[in-house]
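> Chain by chain, the residues run as shown.
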Amino acid sequence: MTTLWDTTGTAVVQALAAERRSGGAVTSGLALTLVVVLEEKDTADVEAAVATAAAKHPMRVIMVLRHHIDAPVPRLDAEVSIGGRHGPGEAVVLRMFGRLALHAESVTLPLLAPDAPVVAWWYSETPKVIANDPLGVFADRRISNVIRDSDPAASLRQRAIDYAPGDTDLTWTVITPWRAALAAAFDTASSPAISVVVTGNPQDPSAQLLAGWLTSRLGFAVPVEKAEGKYIVAVSVEFEDGRTVQMTNEGYKLLMRRPGQLDTIQPFPQRTTGDMLAEELRRLDADQPYGEALGAVTGMTGLNDRPAVRTHIWHDPALAQQEA
Amino acid sequence: MSLTEDQSPAISTGDGPLVPPALRANPLRDARDRRLPRVPEPCALVVFGVTGDLARKKLLPAIYDLANRGLLPADFVLLGFARRDWEDEDFESLAKKAAKEHARTNWNEEVWARLADDIKFVPGSFDDDEAFDTLSSTLDELRNSHGIKGNAAFYLSIPPSMFPVVLKQMERTKMADNTASGGWRRVVVEKPFGHDLASAKELNALVDDVFTAEDVFRIDHYLGKETVQNLMALRFANQLFEPVWNSNYVDSVQITMAEDVGIGGRAGFYDVTGAARDVLQNHLLQLLALTAMEEPVEFTAEAIRTEKLKVLRAIRLPADPGAYAIRGQYQQGWLAGERVPAYRDEKDVPADSKTESYAAVRLGIDTRRWAGVPFYLRTGKRLPRRVTEIAVLFKKAPHLPFSHTDTEELGHNQLVIRVQPDEGVTLKFGSKVPGSMMEVRDVAMDFLYGEAFTESSPEAYERLILDVMLGDATLFPRNEEVESSWRVIDPLEEFWAGQEPEPYRAGEWGPKAADDMLARDGRSWRRP
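So the sequence lines, in the order shown, correspond to chains W and Z. Counted from 1, the first sequence has number 209 at position 209 by this note's numbering; the numbering is strictly sequential. Counted from 1, the second sequence has number 1155 at position 155 by this note's numbering; the numbering is strictly sequential.
Excised from the complex, chain W in its bound form (with noise of 0.2 angstroms):
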């Protein structure tokens, strides 16, 4: 591992190459960059979700983090490992200071693995507007995490307002385990269903999605019914023929109810957050499917018709905070 104190970009790039080389031919198959923005006190939950990911994708990971945009003097320190604690591929660190926030492509740029494609993941708090943040300018996939925002259910709305292909949230991959089974139970039925309802939070997030994808399917509204708990707890289907199938979330098991049936019990594996990051990763292209479902939960549509490509617009929050 190699610390910089007060440097520059070249030399970041530099210190990546003798790492390189020191390290043998380690880094024969990269397959993306990934861009992490994130906040001093996330670090730890950072890496190891950086780590867990790591070991499906090759990548080059770089982590961004913006301090003092109000510093006098802008300064940079890295710190370039290879193999280490964020896991067996590369990883530059890079904290940036002063004005120099404002620039972190500047940095990030030269440092972005040859013709692969790069995903920006914000950990806490994505920009409201994406195209105000360079490093999501030109990243080809961009992750944003609204449950860590202080009020999530606007911020995934102000995700569909600001949507582009290509975008996708984490409240989504959350309950990629629902939609498996709730796709496997509608593999048997032989009857199409008529109602569906979802209960749980009606101001979460993944409720909402959940319901905005099978309402986006289904092409009939799925409401969120409130009940007991933070996050989705049941999911009720019935068919025409009269067939009901009740899937109940008990706490990493699924129950699944079908009257004159045995009650089934499928694991409900809690995953962490490396692990859905790995599965974000998985695919490098636009989702469409989230983006029909964020479409139904706001009511907009056509967000998969929207340009893929974003312009950076100028935003500096210096100046954004005098205008207040």
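Everything labelled a hint here was simulated from the structure, so no lab data went into it. Don't take each hint at face value.
Stated by the list, open to error - Pair ranges (Cβ atoms, derived):
no. : chain 1 : residue 1 : chain 2 : residue 2 : range
1   : W       : 67        : Z       : 1436      : 29 to 39 angstroms
2   : Z       : 1128      : W       : 223       : 19 to 29 angstroms
3   : W       : 307       : Z       : 1032      : 12 to 22 angstroms
4   : Z       : 1198      : W       : 261       : 43 to 53 angstroms
To be verified - Only some residues are given here: those of chain Z computed to face chain W with a beta carbon under 10 angstroms:
no. : residue
5   : 1028
6   : 1072
7   : 1110
8   : 1145
9   : 1179
10  : 1487
11  : 1490
12  : 1491
13  : 1493
Unchecked claim - So, partial list: chain W residues that the calculated Cβ filter (under 10 angstroms) puts toward chain Z:
no. : residue
14  : 84
15  : 176
16  : 179
17  : 181
18  : 183
19  : 192
20  : 261
Only a predicted model underlies this, so the values are computations on that prediction, with no experimental measurement involved. The beta carbon of each residue, even a glycine, is placed where N, CA and C say it ideally should be.
Knowing the structure of chain W, use the given hints to seat chain Z on it.
Below, chain Z without anything else, positioned relative to chain W:
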């Protein structure tokens, strides 16, 4: 899970008119939604011979791994059948022990607890009519209690000599009948698929008669390996390799499957089988077919099989088998720092055994693409290391502008697909040695699966069992392929019959005669 043209049903965003999606297709399945795993329909997996080695080491752990990855259907039953005086619980505890010991994924008690409820056992011997009646009625009961819908896959983890009696029982009880069961009934058989063409035909006729041919899955676990599937991706997803994948550019192909172990405790089986029937007939010829086949018109079981069959039927045996079909038998020697006994000194092997533990053969493929390109196949036991690989050796450049001394160290360009271990692909080509002289030397460019994708690849059995339940036959050889392979092996066996195999020392890369075989063609074996 078939792809439907109707990918996105009308989206309702309020009170507008609702258009119902197509009735047949599952509206929640979407070809663009690649996050959702392929999960089989509700079904039972019936295992015959649950106490065997294979069931304990591979099959039961693979079922746990599938459950742990959430790939088993919600309505699933694992039904064991064996000649043991057991209750469901006894089988469950055996299965748990086996799964815990050999599973690839982390142990999760919750997952097992769920699976444990779905594990059933029927005791009985294969000639016991009553036991099979019980098995049949158990399946009917499970249809209601466990919702398995009459779908069942029967895994015959038993010696082929038992097949006739078990299959007759299934026929009698109509357990193999798709229409009678109202679902699908599939059968999984393990190699050996016969010991020559006649016996293979007999076996195929028997199995295909009781089940329909599409419902018979023959497991060749090599085909479940990621690298073998990657061979198709490498060839047919890239533009780079296909143009040179023919006799204009390829000098020769070497396919190797080497093992460092001896025959272990399998003398009874091995001494009547030998390396050619054990490995050459199935694994090596399948690898050859995948390497040499034309592009299938689509990536489906039927299309791939058609192309593989064409290759297998176009195989030309050496005109002079004495020079180009070599058998060997290992002598006493040293391997990995240990003294190992000769084949004939292994337990239960007759002292005058003429069975081969090594086989190498030169085959040709009579197609426009491959005419004149020799395919050298070799397999053996007690070779220096365990390795399976396909090496495509390209012709040397027709003209080199460098002087002869500059390129002395330049060999054939090679593309090597390593099937195991260190799964990956290596490209070998010439490169300048740094310095003021023009010197060209071979260097290797390496793609390592384990490095690029460090997530452990699913075990071959996991993938194959899942495919059986999904009804995806892409990775399973069909009866015609098995029979075509025997058509290649039978004449060789006939030629070899009664001959003394060439000796080689344990820990060597095979007998000298095999080296001479390539030397005669002006080539040499690649050291894997």
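> Run every hint past the structure and note whether it holds.
Structure-based check of each hint:
1. Separated by about 51 angstroms at the C-beta atoms, residue 67 of chain W and residue 1436 of chain Z break the suggested range of 29 to 39 angstroms.
2. At roughly 56 angstroms, the beta carbons of residue 1128 of chain Z and residue 223 of chain W sit outside the given window of 19 to 29 angstroms.
3. Separation of residue 307 of chain W from residue 1032 of chain Z is about 19 angstroms and conforms to the stated range, judged on CB atoms against 12 to 22 angstroms.
4. The beta-carbon spacing between residue 1198 of chain Z and residue 261 of chain W, approximately 48 angstroms, falls within the hinted interval of 43 to 53 angstroms.
5. For residue 1028 of chain Z, the interface hint holds, since its Cβ comes within 10 angstroms of a Cβ in chain W; the closest pair sits about 4 angstroms apart.
6. Here the hint on residue 1072 of chain Z is kept, as its CB sits about 8 angstroms from the closest CB of chain W, short of 10 angstroms.
7. At its closest, the beta carbon of residue 1110 of chain Z sits 6 angstroms from a beta carbon of chain W; the interface hint therefore holds under the 10 angstroms criterion.
8. Below 10 angstroms, beta-carbon pairs count as interface contacts, and residue 1145 of chain Z has one with chain W at about 5 angstroms; its hint therefore holds.
9. Taking 10 angstroms as the C-beta cut-off, the interface hint given for residue 1179 of chain Z is violated, the closest approach to chain W being about 18 angstroms.
10. Taken as an interface hint, residue 1487 of chain Z does not check out: its beta carbon lies about 40 angstroms from the nearest beta carbon of chain W, beyond 10 angstroms.
11. Here the hint on residue 1490 of chain Z is broken, as its CB sits about 43 angstroms from the closest CB of chain W, past 10 angstroms.
12. The closest approach between the C-beta of residue 1491 of chain Z and any C-beta of chain W is roughly 43 angstroms, which is over the 10 angstroms cut-off, so the hint fails.
13. At its closest, the beta carbon of residue 1493 of chain Z sits 43 angstroms from a beta carbon of chain W; the interface hint therefore is violated under the 10 angstroms criterion.
14. For residue 84 of chain W, the interface hint is violated, since its Cβ never comes within 10 angstroms of a Cβ in chain Z; the closest pair sits about 14 angstroms apart.
15. The beta carbon of residue 176 of chain W is positioned within 10 angstroms of a beta carbon in chain Z (closest approach about 5 angstroms), and the interface hint is therefore held.
16. The interface hint given for residue 179 of chain W holds, since its Cβ lies 6 angstroms from the closest Cβ of chain Z, which is under the 10 angstroms cut-off.
17. Evaluation of the residue 181 of chain W hint against chain Z yields a held restraint, the C-beta minimum of about 7 angstroms falling below 10 angstroms.
18. Interface restraint check: residue 183 of chain W against chain Z, minimum CB-CB distance 4 angstroms, threshold 10 angstroms, status holds.
19. At a threshold of 10 angstroms, the smallest CB-CB gap from residue 192 of chain W to chain Z is about 6 angstroms, leaving the interface hint in force.
20. Given the 10 angstroms rule on beta carbons, the hint for residue 261 of chain W holds: about 5 angstroms separates it from the nearest Cβ of chain Z.
The structure shown violates the earlier hints numbered 1, 2, 9, 10, 11, 12, 13 and 14.
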